[in-house]
Amino acid sequence: MSKKTDVLHVGIDLGTSRSSISASNGGRHVVESYVGWPVDMVARRLVKKPILFGREALDNRPMLDLRRPLERGLIKEGSERDELAVRELLRHLISLAGGRDGQPIRAVVGVPAEALRVSRQNLRSAVKGVADALMIVSEPFAVSYGMDALLHTMIVDIGAGTTDFCVMRGRYPTEEDQRTLTNAGDSVDEQLMTLVRAKHPDAQFSIYMVRDWKEKWSFVGEPPGPVVVTVQKAARATPIDITGEMRRACESLVAPITETMADLLARVEPEYQERVRHNIILAGGGSQVPGLAAAMERVLADYGGGAVRVVEDPVFAGSNGSLAIALDASEGDWESLAG
Amino acid sequence: MPPSDPLKHQLLRQAVRENVDTIRGLPPPPFRVGAQLRRGVIQAALLVALPTLGLLAYNPLSGSGPDRMTGVATRPVVLSLPVPKALEPMMASLGVRKLVLDPGHGGNDSGARAKGIWEKEITLGIARELRSLLKRAKYDVAMTRDSDGYVSLRRRAQLANQERGDLFVSIHVNSVPSKECHAVETYYLGPADDPRAEQLAGKENHESGYHLADFRRLLEGVYAHVRQAESRKLAQVVQHELVEILGDTNPAIRDKGVRSAPFLVLVATESPGILAEVSCLSNDEEAERLADTAYRRRIARALFNGIHAYAEARNRVATLGQAKGSQ
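As they're listed, the protein sequences go chains P and R.
Counting in our numbering, the first sequence runs from 41 upward without gaps.
Counting in our numbering, the second sequence runs from 469 upward without gaps.
You may find that some hints are simply not true.
[Said to hold, decoys possible] Taking CB as the label site, the calculated pair distances span: (1) R:488 with P:306: 31 to 41 Å; (2) R:759 with P:238: 18 to 28 Å; (3) R:488 with P:188: 19 to 29 Å; (4) R:762 with P:99: 52 to 62 Å; (5) R:720 with P:314: 15 to 25 Å.
[Claimed, not checked] Okay, the calculated bits of chain P under chain R, using three or more residues with CB under 8 Å as the criterion: (6) 175-188; (7) 201-213; (8) 311-324.
Just so you know, the hints here were simulated from the structure itself, not pulled from any lab data.
In this text, a Cβ means the ideal position worked out from N, Cα and C, and glycines have one as well.
Let the sequences and hints guide you as you build the complete structure.
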């Protein structure tokens with residue numbers, strides 16, 4: 041039996057867009073969820089690595105077989121390359137955590153709720169072997185555990201591929217307590233791309249550029265200022281104003297999210313609905329869109345009022361929660377989860 | 469150190485248990501109960517999680533709506549307003565009385581072949597066995613074919629719709645390049661979520677009898693959400709039974725789970741439906757098993773158990789709904 045202090049415990053948030061790790065040795069790291077292999081010998085010589093991760097992979101994408109393995113919040117079943125990408129990404133994160141040589145590693149991995157629901161066995165086999173013992177939990181559960189928000193709370197985790205909803209009712213969340221929408225970061229990117237393309241048909245830009253624009257200038261409600269980006273038009277760098285398009289694309293999240301919240305709320309025992317309504321926690325990268333929480337509260341006013349708060353640290357809220365689970369699990373638990 | 473908060477402690481226990489069960493290959497909790505309890509649990513689950521009705525509206529910005537036919541196979545489903553609303557049970561008080569069984573392939577379209585047997589023979593044998601089990605349990609049963617004749621997918625769907633079946637069950641046997649395949653999987657209608665499902669749907673959609681002009685109209689049915697939700701539930705129960713019953717004598721069997729894919733025969737039928745790939749003919753051991761009538765009977769029994777469990781739960785919901793409606 042290993043002493044708990046000899047073991048490196050890690051909590052991992054395996055996200056569609058970004059993955060983060062929080063370790064018991066204090067390490068905190070985040071990586072964009074891209075994994076790339078050089079497409080041929082030439083590419084391999086150029087990038088000088090057998091495999092690249094995160095931003096480095098993205099920046100070298102023309103030379104790589106680039107994977108974003110949790111696209112749409114699911115591991116693509118049947119795609120061995122994507123399963124391998126998940127494994128490699130986890131190994132990379134764990135290596136960043138910097139455990140000592142031979143130090144046993146126990147990991148709790150938070151994944152999008154949909155991934156856990158749809159491909160539980162597949163997910164388990166994909167991540168097998170990356171740690172000495174491993175537990176997989178849904179991301180909203182990890183967030184709520186880390187925040188001690190396990191009762192009469194709703195977690196809305198707006199990721200890239202999916203928005204996961206989970207009502208915490210003092211029990212381990214079941215399918216009935218959870219919802220998943222694909223209205224999330226990626227759908228905002230696609231809408232923004234479509235809108236900008238419609239307004240500027242001669243402009244050249246890629247989805248990666250659109251993603252960057254959204255990361256920098258997303259907003260809901262009144263614009264904090266004009267959003268001007270640079271695109272290529274006939275090989276000439278040209279600034280264009282996309283303020284209106286950005287607003288429309290970002291605001292497309294509000295209605296489906298609030299209506300799904302209402303749908304889940306309606307399933308809570310009536311005496312607790314008001315408490316849940318006033319205890320909504322917004323997590324994930326999408327929670328950082330300025331004005332989104334306020335817009336949701338405005339909609340909730342029609343339901344009798346509500347309060348939406350944003351997690352303080354959206355990048356590490358999930359991995360910190362997973363780490364809390366890892367540290368709370370007993371020796372016996374970990375022994376049963378080994379292998 | 470276990471958490472001092474009893475609630476945290478309890479939730480942690482449940483999370484660990486769920487992971488341990490997954491390691492042991494057990495399905496998720498709703499289906500992981502004793503035989504006597506299983507039916508009740510499925511009924512309860514259906515009562516609680518009745519189909520959420522509402523259409524997945526076409527979103528002109530996302531371009532993922534039904535009039536973008538390429539989007540069905542390759543793009544994510546982008547849900548847009550209106551978000552599905554929960555219904556009262558009585559609004560969905562539809563029981564299950566009649567089934568349409570669809571043995572895959574037939575006639576010139578023989579399907580896969582191994583060890584001297586054709587897929588078309590296997591699927592027909594299983595469908596006939598299933599029919600007799602269902603009839604014994606007092607269901608009405610119709611078949612899209614009851615002999616070795618070619619029936620196009622279009623015709624199969626027409627027959628199913630004419631028969632006004634409450635459920636549609638299409639039976640197929642997988643065949644993949646890997647000789648190691650022991651997969652059992654059950655599909656319901658929806659966009660393919662991986663390239664392999666897409667490829668399989670393409671293969672099974674071959675010689676459909678549809679023209680390109682029909683395709684667009686057909687795909688409008690892909691997102692009929694109620695049918696999809698019910699189909700998924702049926703697929704889950706059937707898949708569980710297939711894995712459990714076949715796994716008793718065939719430990720190599722691999723649970724590939726419940727998947728969605730745009731099989732044309734499911735798109736065009738109007739009732740909830742599934743397509744079960746009950747075995748893998750390209751694997752020599754599986755082929756030998758499939759040549760054995762007793763093993764086919766076992767497959768039919770597994771399909772029956774799944775269908776019957778689903779139907780009983782559904783009929784219970786219907787009865788409750790009617791009772792509530794008459795109050």
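Verification of the hints:
no., hint, result
1, R:488 with P:306: 31 to 41 Å, "34 Å, holds"
2, R:759 with P:238: 18 to 28 Å, "59 Å, violated"
3, R:488 with P:188: 19 to 29 Å, "25 Å, holds"
4, R:762 with P:99: 52 to 62 Å, "59 Å, holds"
5, R:720 with P:314: 15 to 25 Å, "53 Å, violated"
6, 175-188, "holds (count 6)"
7, 201-213, "holds (count 4)"
8, 311-324, "violated (count 0)"
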